[in-house]
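Protein sequence lines, in the order shown, are assigned to chains R and Y. Counted from 1, the first sequence has number 107 at position 107 by the numbering used here; the numbering is strictly sequential. Counted from 1, the second sequence has number 389 at position 389 by the numbering used here; the numbering is strictly sequential.
Calculated directly from the structure, the hints in this document are not laboratory data. Glycine residues also receive a C-beta, built at the ideal position from the N, C-alpha and C atoms. Be aware that one or more of the hints could be misleading.
[Stated by the list, open to error] Looking from chain R toward chain Y, a few residues come up when the C-beta cut is under 8 angstroms (computed): (1) Y54; (2) T267; (3) F269.
[As the list claims (entries may be wrong)] With the Cβ distance kept under 7 angstroms, some of the chain R side facing chain Y (calculated, not the full set): (4) G43; (5) D44; (6) R48; (7) R53; (8) D57; (9) T60; (10) A61; (11) A63; (12) Q146; (13) A150; (14) S172; (15) V173.
[Unchecked claim] With beta-carbon atoms standing in for the labels, derived distance ranges: (16) Y/V388 / R/G86: 35 to 45 angstroms; (17) Y/D364 / R/E260: 18 to 28 angstroms; (18) R/R237 / Y/S188: 50 to 60 angstroms; (19) Y/A242 / R/S142: 40 to 50 angstroms; (20) Y/D201 / R/T187: 46 to 56 angstroms.
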Amino acid sequence: MGRKDGGQPLTVARIIVRRLVQALLVSLMVSTLSFVMMRALPGDAAMRVAAARYGHDLVTARAADAVRAELKLDRPVASALFAWWGDVLRLDLGTSAVTAAPVVDEVSHQLGYTIRLALAAMGIALLAGPLLGVLCGLWPGSAFDQTWRALAAAIRAVPPFILGLLLIIAFSVEMAALPAAGTMDSTSLVLPAITLAVGLTAGLIRVTRDALKSVTESGYFAFARTKGLSLSEALVRHGLRNAAAPVTAYVGVQLAFLIEGVVAVETLFAWPGIGHALVHAIYARDVPMIQGTVMAMAILFIGLSALADLAILAIDPRRR
Amino acid sequence: MPRTLLRISSTALLALLTVSCRQSALTTNASMAGELLVVGPWEIPSLDPLGSGSQFMRMQVTETLVDAASDGTVLPGLAAKWSTSPDGLEWKFELRQGVRFHDGSLLTAASALPSLKRALAEPGSLALAPIERLDASGNAIVVQLRQPFSPLPALFAHSSTQILAPSSFGPSGEVFSVVGTGPYRVVSIARPQSFIVAAFDGWRGGVPPIRHATYLSVSRAETRALMAESGQADLVFGLDPASLSRLRANPHVTVEAVSIPRTIALKVDSGKPCFQDVRTRRAISLAIDRPRIARAILRDPEMAATQLFPPTLAGWHNPRLAPLATDPALARKLLADAGWRKTSLGPLSLGGACSSMELLTFVDRPELPLLSAVIQEQLRQVGLHVEVNIGNAGDIPFGHRAGTLTMGLMARNYGITPDPLVTLVGDFGERGGDWGAMNWRSPEIESLFHALVRSNGADQSLPRSRVAEILQSELPVIPIAWYRQTVTVGTRVSGVSLDPFERSYRLTGIRWAGKTGDSR
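Work the whole structure out from these sequences, hints included.
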């Protein structure tokens, strides 16, 4: 998050450079980790890939041997890993072990869907969460505040998968208002975006409420009221900007929740993004696809974190 | 600043919603625009017929040389007829005249050959036969065999042999579009999830009543069930047992079912001392309460296996066989006769060994881990201690090949091709098979297989019955349950029929139900 480093003020350029370096290191680390983890899994990876290619019914040890030879799966781990790093340095993520399509093409196609879903969820959460949080924070202890705090706690505790199912039952089965899955309809985005947004919104309500409550109880806010500003004037001039910094920091931290949620939500709603692709790639032991998707997720996470940093920098002049 | 942020967020959200409304070719709401929506769990990561391209055959975009009836009888497909030389080493498949691909080009032996040569080069049905060479001769595909092989036509009914137009292939032989000869042509594909088809006016069988259809892959069974329940999908395949009971009670959907030639079975290493004695294998079989398993886990009491081959494999299911029974008392007696004795720790052992045995299964079929837990308990009740390990489907053939497998719970498809002989020879022949017997041999079965693959038009019912009889008596794999393909059918359509060999969704037989539907 935006903060002074070693006494040097943060600038937009510093944030971008730092995040770019982070993106490079983190994406390499997570893809290396996923490579090692996939290698450490028990069972025969070649058999798994062959099953994904030809179907379980036709897969035999002979087919697996052919896959093993083609993909050089019997190479030592270190040799395979160095080869992968070499390819990455040449900006070559390889081809999918199952479809033989370039990983870059597959991931970039799927990433578009994920970005659309993630941004829609963020948009919903950023509209609803701070708004309700402000209302709760202005009247702490009121029935409105208590109801929303309880609701937020309850909603936050529901896993996205269960929440998604409940939404499908309500809006697709009972009301027949929205599509249950797929991307075939213009409203297909609504249910997965809401499912992903709800948890984030619940957290935002609580954080905004606490931030605003602390602002309204502060000395400078009391002074602003004492000098004659109305509640709304004091809020606009002094309250919201001060409350916005911790809220933005919270959003930055919660991006991990968003990325994690994408995997479950995309699978549930048959949304063909990278979360969905990651699940299938793991299932098929398609290591190049796994590495490509986790790298994309890491870059997405760091990119969104950089946006949160920049927002904090814009909100809080003390950070500059 | 907060106002600015709020403005930016609202603008971004509105922009996103607008963008999401501007979809590509797949924006039409199938359930509203008179398109049939077929939902299944199978993704389409690639267009290759050797892999997930089988979906294009199911949606009747592509065809094969040979077709199959529901009872497994092979029928003419793109090949009008076939014949074999007197020595059984050369087969000639004469293609239909005047068949056109969706790109307008004519189907000829030369244009069909590349698809078949690709299929021969990769693991697929053709790899199961002793094929020496494939050639085009006039309007016929000629197959040279290394040895006679009577079930050959059935291999050409498999989806890996679907015939694509030469324009489907790229310069290095990769499939980049699906141009077939079927009653439907591909309109658009959104890998890995869906594709849209439209009726092909040039199909030899006339224009089907359903003009447009979409296939959508939905990986979660819960979502598929809810799509059926909501009426958003016309046909939903791959339903889980828990959802089925709810859907059967739903007046807005009909549940259709067909028994398919897939059997859940316990594969044991008959070469290991624990299972070498057939009495042990019979005891295990007697310990398993199949009707209870079928009722409680599969929610379908009729799926309790009474023998290896389900009734849908009419030529192989032997109705005269005494059904596999449950008798724990007899199981205990057989184990005692085979030398199993109680250890001080509790479970039985055989000469101090086999006091704990590993049962390996996999999650690819979600019912298998549950079944393995039930089998573990049922075997415990006769004194056998089993440890369940759950891996993935590849672990069974891997364990077979490495010799590390003791027991494996699996689901075997005997209907890979309409004639299961091809699969059975691999599973129970001389060397056993990755998904079949392990370290078990029956000279009689081998000689029956030998005769069957060389028989040319002779009646095969007696040797087939005898094969079923030997497998029932020797139990190199112990049958547990059969499978039923269940599909929900929405109220908009009628005329749905199911293919037990899962080659086709039979869209051409489906009609819109009622007046509203007819006008679409």
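(request) Output the numbers, in ascending order, of every earlier hint that fails for this structure. (result) 12, 13, 20
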